[in-house]
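Q: Chains as they are written, first to last, in the working numbering: chain U, 1 to 341; chain C, 1 to 341; chain A, 1 to 319; chain B, 1 to 319.
Do not take every clue at face value.
Under the rule of at most 30 Å between Cα atoms (straight-line distance), these lysine-lysine pairs were calculated in the DSSO-like manner [said to hold, decoys possible]: (1) K37(B) / K144(U); (2) K37(A) / K46(U); (3) K46(U) / K177(A); (4) K310(A) / K177(A); (5) K37(A) / K144(C); (6) K37(A) / K177(A).
I should point out that these hints are in silico values taken from the structure, not numbers from a laboratory.
From a predicted model like this one, the values you see are computed outputs, not experimental measurements.
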Amino acid sequence: MATQEVRRPYPSPEREAADDGVALLRYMLLMRFLEERAMNLYRQGKVPGSFYDGFGQEAVSTGAAYAMAPEDRLCVLHRDLAAHLVRGVEPARVLAQYMGRAGGITRGRDGNVHFGDPSLGCVGMVSMLPDMMLVATGMAMAFKLRREPRVALTWFGDGSTSRGDWHEAMNWAGVQRLPVIFVLENNQYAYSTPLSKQFAVDPVQRAGAYGFPGVTVDGNDVEAVHAVTREARERALAGAGPTMIEAVTMRMHGHAAHDDMRYVPPELLEEWSRRDPVERQERRLAERGVDVEAVRNEVRAEVDRATEEALAMPMPEPSQATEGVFCEGEAVPLGDGRPVR
Amino acid sequence: MATQEVRRPYPSPEREAADDGVALLRYMLLMRFLEERAMNLYRQGKVPGSFYDGFGQEAVSTGAAYAMAPEDRLCVLHRDLAAHLVRGVEPARVLAQYMGRAGGITRGRDGNVHFGDPSLGCVGMVSMLPDMMLVATGMAMAFKLRREPRVALTWFGDGSTSRGDWHEAMNWAGVQRLPVIFVLENNQYAYSTPLSKQFAVDPVQRAGAYGFPGVTVDGNDVEAVHAVTREARERALAGAGPTMIEAVTMRMHGHAAHDDMRYVPPELLEEWSRRDPVERQERRLAERGVDVEAVRNEVRAEVDRATEEALAMPMPEPSQATEGVFCEGEAVPLGDGRPVR
Amino acid sequence: MTTYLEAISDGLREEMRADDRVLCMGEDIADFGGAFKVTDGFLAEFGPDRVMDTPLAESGIVGTAIGAAVVGMRPVCEMQFADFIACGFDQLVNVAGKMHYRQGLAVPITVRLPSGGGFSGGPFHSQNPEAWFMHAPGIKVVAPSTPEDAKGLLISAIRDPNPVCFLEHKHLYRRAKGEVPAGTYETPMTARVARPGEDLVVIAYGAMVHTALEATDDLDGARVEVLDLRSLVPLDEAAILDSVRRCSKVVVVDEANRTCAAGAEVAALIAQRAFEDLDGPVVRVATPDVPIPFSPPLEQAVLPSVDRVKEACRELLEY
Amino acid sequence: MTTYLEAISDGLREEMRADDRVLCMGEDIADFGGAFKVTDGFLAEFGPDRVMDTPLAESGIVGTAIGAAVVGMRPVCEMQFADFIACGFDQLVNVAGKMHYRQGLAVPITVRLPSGGGFSGGPFHSQNPEAWFMHAPGIKVVAPSTPEDAKGLLISAIRDPNPVCFLEHKHLYRRAKGEVPAGTYETPMTARVARPGEDLVVIAYGAMVHTALEATDDLDGARVEVLDLRSLVPLDEAAILDSVRRCSKVVVVDEANRTCAAGAEVAALIAQRAFEDLDGPVVRVATPDVPIPFSPPLEQAVLPSVDRVKEACRELLEY
Ligand SMILES: Cc1ncc(C[n+]2csc(CCOP(=O)(O)OP(=O)(O)O)c2C)c(N)n1
Ligand SMILES: Cc1ncc(C[n+]2csc(CCOP(=O)(O)OP(=O)(O)O)c2C)c(N)n1
Ligand SMILES: [Mg+2]
Ligand SMILES: [Mg+2]
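Make a model of the complete structure from these sequences and hints.
A: Below is the structure:
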């Protein structure tokens, strides 16, 4: 698992904007098609347990992850598949992960989006939300202590803002002015719980009381998310401390595959479906003269190939179930010392 | 322990202001003299473990507790001895508590200010700060659900604001607009940790982001603390929700008896000693024509009597050490159904 | 026939009808009826004051429940999964557990913990946390295996003046079925002989009672007793010792991670108090000390299976 | 002669000198040098980047330490008292403990836990929380009893690529004294025969090793072995079974609350794996399941005393 080979490069933030726009679309599409495929596999009984997706929120993970450099470190959350793809996780391994196959990122040990590829500088989330806020804060703390020009970033949901760890991370990051970016994915619901039961005031307004800016961005505009994250990253690198970004979006599917979302007013879904982030970026690129259909076809073909590949992967060996609880060798830091991507 | 007899009444908030001023002084003096006595007993080896006091902060617990009605409920913190006295705890039982005697409020089971007299409507704190924030919030929640015109109040320190439970309580109280009052006792330090290492922005400024007001008050002016708490109580009763009160004060002694406070600049102590809350209230009352010396003498005599009484109390029986882990009878609510004081 | 899940709903509903101090708190339990639908329909019947959707905050849930309990309510908290109690651990262990001993104040809260594995829930949706709370004084811990007991023990838990962890095994929710008495009744916090026997006793609780029964149903003609603990705190020592006295051979089955689990306590108790009655080692079958893996072949490899229990019993019978 | 406390300081200091990835985090550890002065003088020597006063936030301490560890640091976290780890429980158990198994990522953090009672610390400053972490896969747990081992085990813990809970017993801080080698050295996470014997073995760890030694020093001429576990995870099963084989009688002494404690695990292990070697019941001496009371007569009544251990040994010897 801790294979640390050099992986294929990913688009650098220094690229041309037009080119970036296509890359952004590509990752959003890849996330969407992969999740759609995974949902089919789930319906076919090939994905054990439950299945969670980020339909309608693809811009948030894509835009933010794309603004990060290879040496930055990410804690990726459950609606943020695109972040893994941006970092370079192969689609086949994602599908294998969902299906609990030996070739999945966690080799069947964990499910769903509970993974991170250490060689790509990502820590997989734990279910307990938003525990990863503190992990990201700790990574940023190490960067600052070592005077490395690197940034940590993590996502979290509107519901997650209610837990104590959220506060401890915000406070810590503020006191120490750490190079960390917190992306609040405000998708209107936490499972069935609407914002009004979660907080009295939008949490982005709390940022100031922790000593750093909170900015709200249209979470369905991938270029806007990208731009605002890039700025936050520059602030962090300049020693100006953390930024909280609130990306306003909508969870267009149920909390998980079993959830019929009765509790969401249909008008709300309708309204948000008109703001679909993928279609929006497609329209934008079409105006810029990009052959969007070609990109879609390319991505679709990639997902088809990935599906075949993943389905060919074996299930893990039962005999391995008890291996690796402890690290027996050297502790290899997350993607350390190497161009992780 | 769960004796629920009717206890002696305590001064009602409806009393005359002048009269109140004396009562306020009386409780501040009682706290101060009792703690001074306890410190002597500690030095004589009669108080096991450690010893914590609230020297210089007497106005905060006195003023706030005095604004609460008998039917209100309090979670009292470690610098807030006066709150217990205001509620009606007998001084002898406080000294017995410190000394681990059978007649102490917890009968030797817990030490220091870790006590609450259930029959007086108080819950004793646990050490884990600020866990009681949530307990107070829960009491307020019950009051609101039952539509009872009652308020819960708790104190907490500047350091305590960093912990997750603080946030969970603030958020919950805000979402549900609960009749709860949070008193931040900003005494400049958490053990040896100064404010600057604890937070980037004064926590009173966070209150707004939870949906309720945060007000700052001179924590060394007992009448001011009393007035602001009374207002907060009225807001709560009117259904307007929580208030956070920041009482700015100074911890004039070490964190506990063993702490020499090397880390506090002497100038700071000197500056604050000029603002001593007891002397301030004495000056104020003297101007109002009160015979302050008489009050002092009265209180001193009370503490002498209490000391004798406490010293005469036996230590608890070892055979009782394992009793009462579980409640075997009826669950009697905190001072329920009776005029608790 | 009522399912284990329906029995829990039923018990909770009946007790809410019987006692208006009872209220439910948890994430997504009102409008949505709970992740497992235990409180489905409760909002309509009891209203939002008694069926409360809370913010996503487990310490908040436990802590505010404690506050409400000490002023006279009887809160029933739902953890969406038992695993999340780790986030409310301090309030439960330090505030609720020690309250009565320290100050004679009762904390009548019930914490419902949907626990256990077997359906690819992975490392964070499959845990059996009961031993943590057995090792925390002042907290009762019950873990029913049948619908009848699930209902009765939930009612007992709610009526108990102490904090009670109510372990409801997710894998039993729809699998375990049985007759359930109507109305309210209390199941005592004592063990129950699930099947009498005399050659060997398998001691278990929760889902493992079913594994034990299945494993020993037809074990080469041996008459195997199955003792269903039902309650872990208090632990029915008399019943355990009695079974051991009669059977002389013991297998303790526990779905939790082996080290310091409930099974360890039971085995240690027997090793001290029933040493003379033993005709063989006290055998434990448990999940090894690994996080519960997600993928079915891995998960099946670690959870105690019918086959593993069978094998352990056979070996011990031959001892 | 070096005290246990000095030995811990010394080990930490030496390892900080030897490895600049090591940093200390905790409440009041920099300027003040820690509530027990373990890090006294560290700020001056290593500066504020490596000796960090944190906000009052245990989950924050553990969680940020995890983050720093996964990117290459070796954080040593101090809980001001072990009891406060309840507030950082989730991060330790769910994030740190399961990280390597799930994703092959090492979390080399050490969590220092000043634990134990005996000095009127009361219910919140006297706990022995080790069993909670023994019951959480992926976390190592060590508990030295001597200055030499305290230093060596702390260095081993820091160098270990896994999360390690380091239990330092407060009652030993100034009471336990001994020779301590200079420089850095690692003490293995295995048991140690504190005193060889053959009539009975007392198995203990931490402060209870001293209680066991004192209790059995002159026990009517019996040759009593004392096995100091030193490490609870990994647990040195071979050493335990070997002692039992040689002595045939066992008393397990544990200062923690009895139910599901480390002592329960040791007793259960013996009951299964050394049954044939036993010449009597596996006797446990532990603190009953009560919060640790404050007042000296009450506290003394619950903590395992020299007398209680003596009595248990005598009874068993006569068995
Ligand atoms: C500490 C904790 N409690 C409960 C859960 C169960 N749970 C899983 S997702 C979820 C809702 C999360 O809402 P939000 O943070 O808004 O993220 P979203 O799923 O909307 O992206 C809940 C309650 C959890 N994962 N963690
Ligand atoms: C959760 C927790 N961690 C650590 C401690 C140890 N401790 C006791 S008091 C204290 C400082 C508290 O500071 P503050 O909240 O400002 O209260 P003050 O003592 O200044 O009134 C600390 C760290 C504690 N009581 N609780
Ligand atoms: Mg959400
Ligand atoms: Mg303070």
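Q: Take the C-alpha atoms of K37(A) and K46(U), compute the straight-line distance between them, and say whether it is at most 30 Å.
A: 25 Å, holds
Q: Given the hint that K37(B) pairs with K144(U), test it: the Cα-Cα distance must not exceed 30 Å.
A: Distance ~27 Å between K37(B) and K144(U) Cα, so the pair holds.
Q: Need the status of pair K37(A), K177(A): alpha-carbon distance at most 30 Å?
A: 17 Å, holds
Q: For the pair supplied as a hint, K46(U) and K177(A), confirm whether the alpha-carbon distance does not exceed 30 Å.
A: 28 Å, holds
Q: Given the hint that K310(A) pairs with K177(A), does the C-alpha gap stay at or below 30 Å?
A: Answer holds: K310(A) to K177(A) is near 23 Å, not above 30 Å.
Q: Checking one constraint from the list: CA of K37(A) to CA of K144(C), max 30 Å. Satisfied?
A: Given pair K37(A), K144(C) holds - Cα atoms ~27 Å apart, limit 30 Å.
Hint violations for this structure: none, all hints satisfied.
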